Amino acid sequence: MAQPRADAPSKIILAESDLHRVVDRIAHQILEKTSGATGTVLLGIPTRGVPLAHRLAARIHAFEGVEVPVGSLDITLYRDDLRLKATRALGRTELPPGGIDGLRVILVDDVLFSGRSVRAALDALNDVGRPSSVQLAVLVDRGHRQLPIRADYVGKNIPTALSESVKVTLTETDGADEVKLLGGLS
Amino acid sequence: MIKHLRSAADLDAATATLILDTAAEMAALSGREVKKLPALRGRTVVNLFYEDSTRTRISFEAAAKRLSADVINFSAKGSSVSKGESLKDTALTLQAMGADAVVIRHWASGAPHRLANWVDGSVVNAGDGTHEHPTQALLDAYTMRSRLGRLDGLRVAIVGDVLHSRVARSNVLLLTTLGAQVTVVGPPTLIPLDVAAALSEKTQVSFDLDAVLPDSDVVMMLRVQTERMQDSYFPSAREYSRRYGLDVSRLAKMPEHAIVMHPGPMNRGMEIAPEVADSPRSTIVEQVANGVSVRMAVLYLLLGGK
Amino acid sequence: MAYLIKGVSILGAAPTDLFIKDGVIAAPFEGAEVVDAGGLVALPGLVDVHTHLREPGREDAETVETGSRAAALGGYTAVCAMANTSPVADTAGVVEQVWRLGREAGLVDVQPIGAVTVGLAGKQMAELGAMASSAANVRIFSDDGFCVADPKLMRRALEYVKAFDGVIAQHAEEPRLTEGAQMHEGEVSTRLGLTGWPAVAEEAIIARDVLLAEHVGSRLHVCHVSTAGSVEVLRQAKARGVRVTAEVTPHHLLLTDELAAGYDPVFKVNPPLRTRKDVEALRQALLDGVIDVVATDHAPHAVQDKECEWAHARPGMLGLETALPIVLSIYGPQWELIADRMSRAPARIAGLAGHGGDLTVGSPANLTLVDPSARRVVDPSELASRSRNTPYAGMTLPGRIVATFLRGEATVLDGKAVK
Chain F
1 MAQPRADAPS KIILAESDLH RVVDRIAHQI LEKTSGATGT VLLGIPTRGV
51 PLAHRLAARI HAFEGVEVPV GSLDITLYRD DLRLKATRAL GRTELPPGGI
101 DGLRVILVDD VLFSGRSVRA ALDALNDVGR PSSVQLAVLV DRGHRQLPIR
151 ADYVGKNIPT ALSESVKVTL TETDGADEVK LLGGLS
Chain G
1 MIKHLRSAAD LDAATATLIL DTAAEMAALS GREVKKLPAL RGRTVVNLFY
51 EDSTRTRISF EAAAKRLSAD VINFSAKGSS VSKGESLKDT ALTLQAMGAD
101 AVVIRHWASG APHRLANWVD GSVVNAGDGT HEHPTQALLD AYTMRSRLGR
151 LDGLRVAIVG DVLHSRVARS NVLLLTTLGA QVTVVGPPTL IPLDVAAALS
201 EKTQVSFDLD AVLPDSDVVM MLRVQTERMQ DSYFPSAREY SRRYGLDVSR
251 LAKMPEHAIV MHPGPMNRGM EIAPEVADSP RSTIVEQVAN GVSVRMAVLY
301 LLLGGK
Chain X
1 MAYLIKGVSI LGAAPTDLFI KDGVIAAPFE GAEVVDAGGL VALPGLVDVH
51 THLREPGRED AETVETGSRA AALGGYTAVC AMANTSPVAD TAGVVEQVWR
101 LGREAGLVDV QPIGAVTVGL AGKQMAELGA MASSAANVRI FSDDGFCVAD
151 PKLMRRALEY VKAFDGVIAQ HAEEPRLTEG AQMHEGEVST RLGLTGWPAV
201 AEEAIIARDV LLAEHVGSRL HVCHVSTAGS VEVLRQAKAR GVRVTAEVTP
251 HHLLLTDELA AGYDPVFKVN PPLRTRKDVE ALRQALLDGV IDVVATDHAP
301 HAVQDKECEW AHARPGMLGL ETALPIVLSI YGPQWELIAD RMSRAPARIA
351 GLAGHGGDLT VGSPANLTLV DPSARRVVDP SELASRSRNT PYAGMTLPGR
401 IVATFLRGEA TVLDGKAVK
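Residue numbers (full-length UniProt numbering), protein chains in the order written: chain F, 1 to 186; chain G, 1 to 306; chain X, 1 to 419.
Treat the hints with care, since some could be wrong.
To be verified - Derived lysine-lysine pairs resembling PhoX-like cross-links, with alpha carbons at most 25 Å apart:
no., chain 1, residue 1, chain 2, residue 2
1, G, Lys88, G, Lys36
2, G, Lys65, F, Lys85
3, X, Lys416, X, Lys6
4, X, Lys162, X, Lys123
5, G, Lys65, G, Lys77
6, F, Lys85, G, Lys306
7, X, Lys162, X, Lys152
8, G, Lys36, F, Lys85
9, G, Lys77, G, Lys36
10, G, Lys65, G, Lys306
11, F, Lys85, G, Lys3
12, X, Lys162, X, Lys277
What the hints assert, rightly or not - So the derived list for chain G, only partly shown, Cβ under 8 Å to chain F, looks like this:
no., residue
13, Met1
14, Lys3
15, Ala14
16, Leu18
17, Leu37
18, Pro38
19, Ala39
20, Glu51
21, Ser53
22, Arg57
23, Leu193
24, Ala196
Just so you know, these hints were derived from the structure itself, not from any lab.
Note that this is a predicted model, so its numbers are computed, not measured.
Every residue, glycine too, gets a C-beta built ideally from N, C-alpha and C.
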């Protein structure tokens with residue numbers, strides 16, 4: 001897919017404070033939908049899903065004092081586009097000490113787009129254990145799904161053109177909290 | 001990413017580090033119940049072995065299978081004397097079978113280089129003659145890093161028949177690339193000429209094992225074949241063992257933290273005393289386990305992408 | 001056929017006309033076929049004291065005919081065919097066969113070399129006298145490919161051939177020091193993990209043999225000198241007056257052991273390619289006359305003997321068609337030097353009357369015409385040799401051999417073999 005050039009016009013979709021509010025809201029929704037987040041594990045998909053999962057856990061803890069275990073699930077080896085690109089370095093898979101068997105797993109990612117990453121994550125999950133159920137939380141849903149996949153928790157829906165791209169930066173990985181829309185015609 | 005792994009010299013520091021980091025992730029994944037990963041589904045890896053080496057072959061086979069590749073074992077035993085089908089014809093056969101990678105073990109130095117001219121897929125050197133064995137060096141480096149936490153500045157002594165050792169050549173190249181200080185130690189007859197100029201200017205040479213031991217973080221003992229005696233490289237197994245064998249008293253001269261390595265198979269009582277081989281400071285069993293993770297990393301990085 | 005070679009420069013001198021008739025250089029006459037030789041240099045026909053023609057035995061790699069054609073195209077009018085054929089040229093019968101095949105091909109004079117020992121086995125002296133008095137008139141004897149390592153046998157051979165003014169051409173390689181050897185022993189062999197062929201294995205034999213030759217007052221010829229140390233041994237021996245001559249190959253004058261790095265056996269040769277320092281010493285030695293001749297050691301090999309593992313491959317490389325261009329690329333148009341080292345001196349060593357002479361009226365018309373300004377990219381598929389194992393593929397070399405005449409008959413015209 002053609003990536004917008006670095007000097008392409010960009011528009012800030014979520015500024016720092018918006019992003020924090022959105023995370024708070026997802027945390028509340030998780031608490032609400034899971035009756036207090038009991039029996040729940042957050043698994044972040046590297047790279048930016050991992051700090052997001054940790055933030056959600058921290059906010060849940062702040063709101064209700066519940067400790068939700070957090071882990072990471074690398075999907076690189078499960079991707080369906082491995083051979084279309086140069087070899088990718090692996091991310092880390094680290095399950096919480098209690099594992100995931102019999103628990104509700106919430107996968108956390110920054111952007112939901114084609115759904116292929118989530119498909120890979122479901123395959124990867126299948127190889128590491130048997131959760132009782134799986135949910136999906138994303139910071140941004142930009143549409144254009146290519147697989148029958150939807151998110152349970154969405155921070156913000158952003159209608160986009162295929163020529164555009166959504167860039168999420170987080171303090172932990174990129175030094176700043178922000179969501180930008182790059183490219184397009186504007 | 002590089003296409004072939006024919007020599008440790010194919011690897012710069014960044015690529016070598018990427019392999020070791022990837023191996024660490026692979027090792028973490030291998031602890032789980034389902035060991036198989038889908039990354040190389042539909043890819044074919046051929047193990048082309050002109051020499052018997054069960055341990056290396058099964059290590060590569062396990063690595064390829066854990067990544068879901070199809071594995072074909074092709075044992076082409078032909079000695080240098082009785083020449084069977086030529087390497088080129090075998091290569092054309094493998095090419096026709098659609099091999100995405102050929103892992104080759106051969107008695108002739110440079111056979112992987114020749115093979116790479118005749119196949120489109122990746123070539124992985126699993127030991128060629130008295131030349132190199134790069135995945136062994138990678139697993140050794142991996143073992144050192146996981147035991148001692150670093151490679152940069154690590155003092156490594158490689159002891160024994162350096163002249164005929166493919167393990168030694170690959171280790172000197174790889175370890176110096178990664179910043180270790182390597183000293184090759186052995187009788188002068190078994191240290192190749194111009195070794196520093198040939199492999200790495202940073203390589204040091206010593207004929208005195210006892211002088212090197214107190215300043216070593218890693219002591220890697222090489223297998224010494226007793227046949228070398230017949231060729232006057234040293235007078236007797238007993239003299240060799242006394243001068244260059246690692247026994248308990250020599251182990252005591254090493255720093256507390258220092259480790260003992262051996263690529264196997266060992267000649268217990270010759271280059272290494274049984275008590276040393278079985279001591280907690282020996283990494284010999286770990287080396288075998290790490291071999292699978294390192295080879296998974298190599299296969300994934302060579303074959304995983306476009 | 002009578003020719004007028006018009007406007008040719010003899011050894012770089014001012015252009016002149018050269019008449020050829022009845023096999024000799026003739027005084028001016030009318031009615032000759034004119035060969036326009038403007039810009040071309042005439043050299044006495046080149047003589048190679050070290051050629052492998054492979055017949056009998058390995059006709060898939062080369063035959064006397066194909067090798068003769070390659071020689072003529074390289075500017076040669078005589079080649080000495082090495083004895084390591086199958087069967088070995090260790091009897092009058094085999095040398096006469098090779099000699100006769102050469103005559104039938106008629107492109108160069110093929111002068112067989114006889115084996116020193118039966119079957120090149122280094123054990124028992126072959127019937128040197130029978131080969132000398134055969135129709136082939138053998139004068140050079142060599143076990144080339146193998147060293148006459150036994151010092152007593154070498155001494156006897158050196159002595160024995162005095163009876164018919166023969167010479168022993170030694171392949172200097174101490175066999176115990178080169179067991180399993182694959183390439184020059186040094187930095188590169190250490191890196192490549194290939195068993196080394198130490199320079200001293202050559203130097204020790206040359207040192208021994210010049211002492212033996214001095215002791216018995218015989219002639220000695222040293223094949224394919226390849227090391228700086230050998231040059232020093234020869235320099236000292238010659239200064240003492242030992243009757244020793246020596247050859248160097250074009251590849252040892254040009255190529256180094258670094259070329260083995262890709263394990264392509266086209267660069268595998270015996271003695272092996274050495275270091276830059278050796279190359280420099282050999283170049284100087286040829287200039288000084290410490291080394292007397294350039295010899296090709298033309299060694300054709302079938303494809304399967306080179307398209308394989310380095311250790312499996314046979315040693316040797318093609319040389320006849322590229323020798324003069326390589327010498328030109330190194331020394332430039334030093335025509336006197338070239339004529340001496342590639343024609344006169346080798347003809348003298350091989351005892352080939354009629355070759356290596358001056359191009360004066362009455363001399364046999366053995367000569368070659370070279371265009372020194374032309375440049376050519378070596379394309380293995382264009383070579384006349386039956387084999388393709390040239391190490392110079394893709395190299396651009398100066399000099400094109402335009403015509404070659406053997407006893408007044410053109411063997412090459414317009415850069416093409418006449419037959």
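Going through the hints against the structure:
no.	hint	verdict
1	G:Lys88 / G:Lys36	violated (33 Å)
2	G:Lys65 / F:Lys85	holds (22 Å)
3	X:Lys416 / X:Lys6	holds (19 Å)
4	X:Lys162 / X:Lys123	holds (20 Å)
5	G:Lys65 / G:Lys77	holds (23 Å)
6	F:Lys85 / G:Lys306	holds (5 Å)
7	X:Lys162 / X:Lys152	holds (16 Å)
8	G:Lys36 / F:Lys85	holds (22 Å)
9	G:Lys77 / G:Lys36	violated (30 Å)
10	G:Lys65 / G:Lys306	holds (20 Å)
11	F:Lys85 / G:Lys3	holds (14 Å)
12	X:Lys162 / X:Lys277	violated (36 Å)
13	Met1	holds (5 Å)
14	Lys3	violated (11 Å)
15	Ala14	violated (11 Å)
16	Leu18	holds (6 Å)
17	Leu37	holds (5 Å)
18	Pro38	holds (6 Å)
19	Ala39	holds (4 Å)
20	Glu51	violated (29 Å)
21	Ser53	violated (27 Å)
22	Arg57	violated (24 Å)
23	Leu193	violated (38 Å)
24	Ala196	violated (33 Å)
Violated hints, in rising order: 1, 9, 12, 14, 15, 20, 21, 22, 23, 24; the structure is consistent with all others.
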